[in-house]
Structure formats: C-alpha cells, structure tokens
Amino acid sequence: MAEIVENKGSRKKRKKNLTRVDLTPMVDLGFLLITFFMLTTYFNEPTTMEIIMPDTGDTDQPNELKAYTALTILLNEKNEVFYYQGLKQTAEVKQTSFKSNGGLRDVIIAHKKYVNDYKQDHVGENGVESDDEASILIKPNKNSNYDNLVNSLDEMEINQISTYVLVDITEQEQNLIAQAKN
Amino acid sequence: MPRNKLPRKSTHIDMTAMCDVAFLLLTFFMLATKFKPDEPVIVKTPRSISAFPQPENSVLLTIDKTGKVFFSFDNTAAKKEMIKGMDEEKGLGLSEQAKLNFINGKTVGHPFGALETALTWDGSEGEISYPGIPNDTKSFAAENNELVFWVKSAMLWTQSIGQEVPRICIKADSQTPYPKIRAVITALTKNRINRINLLTSAQAIPPGTAAYEEAMAAAEK
Chain A
1 MAEIVENKGS RKKRKKNLTR VDLTPMVDLG FLLITFFMLT TYFNEPTTME IIMPDTGDTD
61 QPNELKAYTA LTILLNEKNE VFYYQGLKQT AEVKQTSFKS NGGLRDVIIA HKKYVNDYKQ
121 DHVGENGVES DDEASILIKP NKNSNYDNLV NSLDEMEINQ ISTYVLVDIT EQEQNLIAQA
181 KN
Chain B
183 MPRNKLPRKS THIDMTAMCD VAFLLLTFFM LATKFKPDEP VIVKTPRSIS AFPQPENSVL
243 LTIDKTGKVF FSFDNTAAKK EMIKGMDEEK GLGLSEQAKL NFINGKTVGH PFGALETALT
303 WDGSEGEISY PGIPNDTKSF AAENNELVFW VKSAMLWTQS IGQEVPRICI KADSQTPYPK
363 IRAVITALTK NRINRINLLT SAQAIPPGTA AYEEAMAAAE K
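From first to last, the protein sequence lines stand for chains A and B. Heads up: the first sequence begins at 1 in the working numbering, then just goes up one per residue. Heads up: the second sequence begins at 183 in the working numbering, then just goes up one per residue.
Just so you know, these hints were derived from the structure itself, not from any lab. Please note that the accuracy of each hint is not assured.
A short list of chain B residues far from chain A (calculated; beta carbon distances all over 10 Å) [stated by the list, open to error]:
| hint | residue |
| --- | --- |
| 1 | Leu188 |
| 2 | Thr258 |
| 3 | Ser356 |
| 4 | Tyr360 |
One-sided excerpt, in silico: chain B residues whose CB lies under 7 Å from chain A [claimed, not checked]:
| hint | residue |
| --- | --- |
| 5 | Pro189 |
| 6 | Thr193 |
| 7 | Leu213 |
The beta carbon of each residue, even a glycine, is placed where N, CA and C say it ideally should be.
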C-alpha cells in the first residue's frame with residue numbers, strides 16, 4: 001500500500017530505491033489517540049445525587065421528631081447559612097458558611113456529637129432511645145439558589161446523616177434570619 | 183567448524199497492517215462516543231461527592247439559570263410511541279418531520295402551542311428562543327401541567343413497550359433560584375414521583391470526614 005515500485009521500464013542504471021515509509025510513529029500516534037479518547041470519554045460521565053422526597057399522598061402522620069436530635073439549617077441569599085438546634089423557633093439562630101473549615105460541616109459534626117452525648121446521659125428519659133440519630137431539617141429561603149441546596153445535601157452525605165428532610169421555610173424563621181443578621 | 187551462512191534478513195516489520203488497525207480502532211471509538219446531547223442552554227451543575235452514575239435511559243429535566251425547564255429523553259424506542267401518543271391525546275397536530283426530529287433527540291423547551299414550529303426549526307432563520315416548558319404551579323395534574331404531562335408520558339410509554347419505568351434526573355444550574363427548583367420537585371412529588379436524581383459534577387471526598395473514613399474502609403477490603 002505504502003510502497004511504490006519504480007517503473008522497471010526505465011533503462012537508466014540506477015540503484016533500486018524502495019520508497020518504503022516507516023509507519024511506526026504513525027502507529028504510535030494512532031494508539032495514543034485511541035487511549036486519549038477512551039480515557040476522556042470515561043471521565044466525562046456525570047454523577048448524580050439521589051434524593052427521596054416524602055410521599056405527599058401519604059395520609060399517615062409523619063414520624064415525630066425528637067427535639068434534641070433536631071438541627072435546622074436555613075439557607076439564605078449570598079450563600080449565607082443559618083442554623084439552630086432544637087425545634088423551638090424561638091431558639092437562637094447562628095450564622096455559619098459553606099467553608100470546609102469552621103463552617104457548616106463543623107456545625108453538623110458538633111451536633112452529631114451532642115446528640116450522642118445527650119443520648120448516653122439521658123437514655124430512658126422523656127422518650128430518649130439508644131438508637132436516636134441526629135436529624136437535620138434543610139429549609140432554603142426563597143432567595144437561596146440551587147448550589148446552596150446541593151451543598152447542604154452534600155454535607156449530609158459527607159457527614160453521613162441518614163435522617164434529613166427538605167422543608168419549606170416558615171415566616172417566623174425568615175424573621176429569625178433577619179434578626180440574626182442585625 | 184564451518185557454519186552455514188544464513189541469508190541476512192532485514193529486521194524491518196511492515197507497519198502498514200498495524201497502522202490500519204490503529205486507525206480503524208480510532209475511527210470506531212470516535213464514532214461510537216456518545217456526544218453530549220444538543221443542549222439549548224449552558225448549565226453548570228453544582229459539585230458534590232456523590233458518585234452514582236446517571237441511570238440509563240432516564241428522563242432529564244434541565245433547568246437553566248432563569249428557571250426555564252427543558253425536557254430530554256434518550257430512549258428512542260419509547261420516544262417513538264410517546265410522541266405518537268401525546269400527539270393524539272393532546273391534538274398537537276405534529277408533522278411527521280417534527281415527530282422524527284423529536285425521536286432523533288431534540289430537546290424540548292416549548293409549550294405545546296409552539297411545539298410544531300420548534301421541532302421543525304432547522305437552524306436556518308436566525309436564533310430560536312426557548313421559553314421553557316410551562317410548569318403551572320397552581321395545578322400539578324397531568325391534564326393542566328405540561329411538564330407533568332411530558333414526564334408522565336415518558337414513564338407511561340416506556341412501560342408500554344415493556345421496559346422499566348425511567349428515572350427522573352434534574353440537571354439544574356448552580357445559580358438557579360431555589361423556588362424554581364422547588365416548583366419542579368413539587369410537580370414531581372405531587373405525582374408521587376419521589377425518587378429523583380440530581381445531576382452533579384464529581385468532587386473528591388474531603389479527608390477527615392465520616393464519608394471519607396467509610397470510603398477508606400471500603401477501599402481496604
């Protein structure tokens with residue numbers, strides 16, 4: 001294919017010169033490209049995060065949340081995060097952030113530890129059971145964005161919180177954010 | 183001892199055949215690569231540590247920065263039945279060409295009224311604007327809400343050809359306001375679609391966290 005045989009009809013006495021091309025570099029290039037395409041196509045696969053929303057058609061009363069296990073995360077505009085422990089909406093609201101150090105992650109880790117300690121000290125009292133786990137309520141405000149939501153859902157996975165729920169924010173909580181900012 | 187003189191042979195190997203194979207494979211991979219579906223909008227997904235791959239043949243709802251919703255679906259066989267069924271049920275009056283374009287992978291981002299024009303648009307006359315699929319926040323019943331109708335049709339017609347019900351994936355931009363996302367999720371949950379996959383781009387698990395320790399323990403096994 002890549003050979004060109006010289007015309008034998010030529011009478012001139014010439015050294016027979018076979019024009020054979022060395023194809024090794026071309027093969028190298030070919031395989032290099034194959035490898036490249038194979039690797040890049042693999043890495044581009046998108047990943048997903050699975051969420052399971054509570055069934056709205058369910059008439060059953062949802063499980064009662066124990067006050068000491070609850071942590072509410074409020075997402076606000078400009079990537080601001082607020083949180084409070086317990087279920088009372090009069091609780092003190094503190095501000096945090098999505099930073100990996102000293103941010104929401106540390107708040108969740110601290111809360112997990114708090115729930116564990118409390119459980120050990122008070123087991124048997126007021127319905128405290130030994131298999132209670134930290135539960136987190138995520139309440140995005142209307143001016144928060146999708147990134148905030150995914151970031152906080154991601155924190156659930158990073159810290160292995162198995163009980164979390166996405167709920168609508170209440171007016172009272174919106175007021176709490178406003179107060180906490182001042 | 184006299185030695186038999188072997189005729190000297192050149193050690194050159196003919197690389198032509200190998201070169202042929204290399205380029206044949208290269209061509210194969212280039213053609214077999216599934217290219218990103220033609221997307222009308224650029225969506226930058228947020229990052230997460232989750233590593234579930236996107237389920238195959240899933241319905242993809244793309245939500246752009248402004249909250250417009252787009253519908254795309256990969257299952258060609260199901261789409262064929264689906265567009266026929268939808269056309270009959272809603273009386274959309276779609277031409278054969280429009281149906282074919284839909285089957286061959288056009289992303290839908292128009293209300294039913296503009297569907298025919300949008301699906302037959304061939305890119306010749308300037309830009310086409312995508313208003314997005316209407317998601318009526320007052321009613322989430324399939325008869326009134328177009329987005330729900332699209333999703334429900336995709337599920338129904340995939341089932342009708344004997345395949346598993348497709349999963350619903352949401353691919354939204356990081357900057358999309360939360361109420362827009364909530365509206366789509368509510369539309370799905372009101373129709374008892376409770377398992378939703380959110381498309382994210384991969385990110386490494388931060389060291390020192392609970393998930394990191396578990397991943398390390400799993401890797402050691």
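Comparing the hints with the structure gives:
no.	hint	in the structure
1	Leu188	22 Å, holds
2	Thr258	20 Å, holds
3	Ser356	4 Å, violated
4	Tyr360	4 Å, violated
5	Pro189	18 Å, violated
6	Thr193	12 Å, violated
7	Leu213	10 Å, violated
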